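Asker: Listed below, chain by chain, are the residues.
Protein chains: 2
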Amino acid sequence: MPAPHPAPHAFDLYDTTLRDGSQQEGLTLSVSDKLAVARLLDELGVTYIEGGWPGAVPKDTEFFRRAAAGELELGRARLAAFGATRRAGIPVEQDEQVRALVDSEAPTVTLVAKSDLRHVTGALRTTAEENLAMVRDTVAHLVGLGREVFVDAEHFFDGFLADPAHTTGVVLAAFEAGAAVVVLCDTNGGMLPHLVAEVVADLTSRLEAAGMAPGDGRRLGVHTHNDSGCAVANALTAVRGGITHVQGCVNGYGERTGNADLVTMLADLQLKMGIDLVPADALAEATRIATAIGEIVNLPVSPRAPYVGASAFAHKAGLHASAIRVDPDLYQHMDPREVGNDMRMIISEMAGRASIELKGRELGFDLTGEQDTLARLAARVKQREAAGYSYEAADASFELLVLHELGRSPHYFEVESWRATSHQLRDGTLETEATVKLGGGGPLGHDARTVAIAEGNGPVNALDLALRAALRGPYPQIDDFELRDFKVRILDAHRGTDATTRVLVRTAGLGLTFQTVGVGPNLIEASWEAITDAYTYGFHKAGV
Amino acid sequence: MPAPHPAPHAFDLYDTTLRDGSQQEGLTLSVSDKLAVARLLDELGVTYIEGGWPGAVPKDTEFFRRAAAGELELGRARLAAFGATRRAGIPVEQDEQVRALVDSEAPTVTLVAKSDLRHVTGALRTTAEENLAMVRDTVAHLVGLGREVFVDAEHFFDGFLADPAHTTGVVLAAFEAGAAVVVLCDTNGGMLPHLVAEVVADLTSRLEAAGMAPGDGRRLGVHTHNDSGCAVANALTAVRGGITHVQGCVNGYGERTGNADLVTMLADLQLKMGIDLVPADALAEATRIATAIGEIVNLPVSPRAPYVGASAFAHKAGLHASAIRVDPDLYQHMDPREVGNDMRMIISEMAGRASIELKGRELGFDLTGEQDTLARLAARVKQREAAGYSYEAADASFELLVLHELGRSPHYFEVESWRATSHQLRDGTLETEATVKLGGGGPLGHDARTVAIAEGNGPVNALDLALRAALRGPYPQIDDFELRDFKVRILDAHRGTDATTRVLVRTAGLGLTFQTVGVGPNLIEASWEAITDAYTYGFHKAGV
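Here the protein sequences come in this chain order: A and B. Residues 1 to 544, numbered by the UniProt record's numbering, are exactly what the first sequence covers, in order. Residues 1 to 544, numbered by the UniProt record's numbering, are exactly what the second sequence covers, in order.
Hints are computed from structural coordinates only; laboratory data are not their basis. Because the structure is a prediction, the values reported are computed rather than measured. Possibly wrong hints are sitting among the right ones.
If several chains are the same, the list does not tell them apart, and a pair holds so long as it fits within one copy or across any two.
Once the Cα atoms are required to be at most 30 Å apart in a straight line, the calculated DSS-like pairs of lysine-lysine come out as [as the list claims (entries may be wrong)]: (1) LYS541 x LYS272; (2) LYS487 x LYS59; (3) LYS541 x LYS487; (4) LYS437 x LYS541; (5) LYS382 x LYS541; (6) LYS487 x LYS382; (7) LYS382 x LYS437; (8) LYS382 x LYS59.
Isolated chain A, as found in the complex (with noise of 0.2 Å):
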């Protein structure tokens, strides 16, 4: 490896997920989910994380509000709003989306401000001298007010191209009124690395000549998109270059082809490039972290993606097992558990039984050496993954298997029958009713037929409540879990009403947390075999 590159002064890792990457086709999240999504980027360490843009977007107001209502704890990351520079021809102190950002109350801003001339006079219709001075006054504006302030020179590598001195111009206007980092954005994504490392030191020697010299108190950052398949590069050449502050959305979310993927950028300047952004071991849970955000935004992350994709370190069936052995370094370009992503997802019979093997030990099964259990529950994984079953994310459901195969299932109840029903009523009324029938017989006894009768939300929840109706007699202990997430992923999706559907369960109780998986063309029963396992799980652990 190269030495490493002296750590600056300081570099700030600024995540844009919850605003540019909410600009992707497809990604839609509510303030709650905003709210998980902000705290898994500060588990992650991220310097900043852009919350979205009050005053514009009525979810983003909101999330706001809440955040500074006290239901976002950060550690780490420090709160930036987005805006734009006030519009042309009204005095800052009357705009009323910067006023928004002010009440906002995050304590840094960054405002999306023309950089290039041909979007000033076409797109916004006034003079290079105008927007000029909304830079200016809005930048003041919010630094008097002590935040503080950022500035997304939008569209700056094209307009630096076309018009350097105008371009160059507005930096310049940023930085005199006090804006601590202006960030080069390539907004319609397609620079190629050459260009923007030519620009970059035009930039910075036309900086230096107009005695604006990047330093300490005044930084230059990069955003990159990915229309030339070169975001994340475009953005590491920017930092060769010296730029200290780098942005990006998580999973490479964002409009169009996407914004520059967070973790890959962040992988590459910390494990290759020398600079230290965060803790070693929360980079070593980037994988868990861009796995679950992609859970909550309904995207999940793509198996190919670099680092944590699922399939980021699974080598080549038919390589030959011993090989891998020699040195693992020989075919992978760095150790997986770096980012917390593994190895040993390899597509052959003998990895199998070696996954299976470790994975039982982490649940506290001991099956060294028990090569038939192992080879009977690798093909039943196989078997139910085939048909659509996912322990990856459902260890309980795993766990479960593991015990049934070992012929020690644990068992609390029968299941006689039961009945979902769902109705509008004439007048509109919609009206959802289920009914659980738990069988004599079983670990009850002869006597313990019970049959349950709940009303509901929804079909599924009504199944949920009618179960715990005919748990609670014999099993009060029901009252101790709560299903807290409920997941549904529709295989198959062309065919379309008729498609097989997956159910994820997340419960919790008695300090723990779990997730069971159920699969069905059916969601109801899928749902039913997720839910029923969870308590069974539940009750395992609980030691009923």
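Got chain A sorted already, so can you dock chain B onto it with the hints?
Answerer: Quick look at chain B alone, frame taken from chain A:
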């Protein structure tokens, strides 16, 4: 745009989708699939198609056999067979895998050779000298038989950084024996652009010093992987350093994180770096070809793929829409039609009046100047999106919303009531049925009250079938439409089974495909909304 790079005498666009690409997890091709993909690659205009590894992979042996028998008529591309240098310690004439390369009858043969000393000794367990002999013997043997020979220098960059003299020696040996191209492979994918630039420059001066400077008869190539997120950028950087042969896979297929995306590289090289590789009208087929290959391989193109992805030119932010109305080039890095793609507006909570006006125009509504209507529509969209609706992926529901605001809602039936029941019986059988009652009055007249029942494999499927049964009488056109895709998203999932549900349904019929959305606290209710909207929209489009 910067001045075009002067076109070199020869430049190869070398595709390895059928060999390296097929090592991706989840990708299995039949021989017929491979032939179909090869024909599409030829249409795109690639210089070489690496068809596979004959002798090592049975399907690949068969592919070359059928190609040689006349089943593959190539217009522009040359077929290449991939294989390895002879095994250590045996004469090349006795190596069966080398024989298989000859038997494939491919005019070009690409040999992978160890170029990293640690692999020579550690993995191959042989000496540096023997490895050089393996390279020389195999290249000379195949050149002697009239083949054009390329050598893939495996682990080139890692090997060069560890021992530049040894690795350069392998390159020299290959050229001396008659190889036309030596391909520098970043096999582990860990390179970054600045390191690639340094290595290529250093190698070039060492080759010059040895009297073997790259030139027409001796060219350097590059083969990159995306483990650092820089596959495309690394290849382009190598090209800037003088390389005249790039290897990649369509849609970035390949093991682990994949190979460099061939189409991204092609578009960057031809449209931004002035290196003409394929005819302009072939490049304009890139989106169709990439999509078609994705369908054959059953790994669809990512919506966010540069140039060819469905979202690559889809604009969401309201700010972008108002500028695009002025001039599309303000927010696009190039004209999508050059690669056969399309600009689209996405309606979402970020939609301002401009987005809605442009979207309306796409759908055939002229709302120019209708400020009140646009303002009402924008407000309605924001309100409904805050409630959980998502119009991004539901153009048909958006169109119905516009018609509603214009007082022109299409109305085909009155829903009186509906009911859906799922029950699991004592013997474990699952029964699901639904009834739908459509009211008299309304568009069908007083006598038209209808009740229908249907069974299905889930409550939503059953309701859909019951609704179709009820509508079939008055509207036989219902049979022209089919529900194709069904996506469920639980919003606020942390509220467990109490959460709000959003359902997106895709319907096809009469040459159209469209999506509708439904939202409710109850999955069934949300689905019902999406389904009734779908049939209403379908009938409206059918001119019923």
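Asker: Compare the structure with each hint and give your call.
Answerer: Status of each hint after checking the structure:
1. LYS541 x LYS272: neither (42 Å within a copy, 56 Å between copies)
2. LYS487 x LYS59: Both, since 22 Å and 23 Å are each at most 30 Å.
3. LYS541 x LYS487: This pair counts as within: shortest intra-copy Cα distance 23 Å, inter-copy 34 Å.
4. LYS437 x LYS541: within (24 Å within a copy, 47 Å between copies)
5. LYS382 x LYS541: within (26 Å within a copy, 45 Å between copies)
6. LYS487 x LYS382: Both, since 22 Å and 25 Å are each at most 30 Å.
7. LYS382 x LYS437: neither (33 Å within a copy, 44 Å between copies)
8. LYS382 x LYS59: between (42 Å within a copy, 10 Å between copies)
Of the hints listed earlier, those the structure fails to meet are numbers 1 and 7, in rising order.
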